[in-house]
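Colleague: Each number in the working numbering corresponds to the 1-based position in the sequence shown with 115 added.
There are no misleading hints in this set.
Cβ-Cβ distance ranges computed for the label pairs, FRET-style:
no. : residue 1 : residue 2 : range
1   : Phe279    : Pro181    : 43 to 53 Å
2   : Val266    : Val164    : 32 to 42 Å
3   : Leu239    : Lys180    : 41 to 51 Å
4   : Pro181    : Lys275    : 41 to 51 Å
5   : Arg182    : Lys275    : 38 to 48 Å
It is worth saying that the hints were derived from the structure and are not from the lab. Glycine included, each C-beta is placed from N, C-alpha and C at the ideal position.
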Amino acid sequence: MIDTLILGIVNIILCYLLVFGKMGFPEMGIGGAALASTIAEGVAFVIFVIYMFFDKKIKDYHLFKPRKVDFTLIRQQMMISLPSVAQPVVGLGSWFLFFSIVETRLGKHDLAITNLVRNVYLLLSIPSWGFASSVNTLVSNIVGQRAYEQVMPTIWKTAKLCLFVTMISRSRFYYFPSIFLIQSLAILR
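Go ahead and model the full structure; you've got the sequences and the hints to work with.
Modeller: Encoded structure:
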């Protein structure tokens, strides 16, 4: 928690200095915000490593003690984790390709519209991601308890609840689109 607080404070201070060019720093605009975030992450990382190195409770986990590498365990973990890694890579790659095509072939105005649609899509996807993460945790817990017969009922209950919540949250856009289009139309003009 302290590390996150330090990250936030460093980020706020550096954003102020680098975005607006205060106290002798160059005025960098949005690039300054990006640089400030990167520097703040680096500072937080260094502070976290220093904390781990000196914390007495952490020493019980032997994080800084060299140990023998178990290649069989690494291979097993890779076989399990590769599909989990591949899915976001393909997903993000397809978005990147799509936006590259829109920007190069259609122009900035169409790119702005596409970004707006993507942001709405991402906003509406948050409940689904939350349910996906929750059902993953629940099923892992159930499998750990060896109560395999509870896996499918838990998945179905969560899927139904997710569908209900998602439809409720999205119905606002279907039944009251003018509320959400007021600002969007001004931006797109």
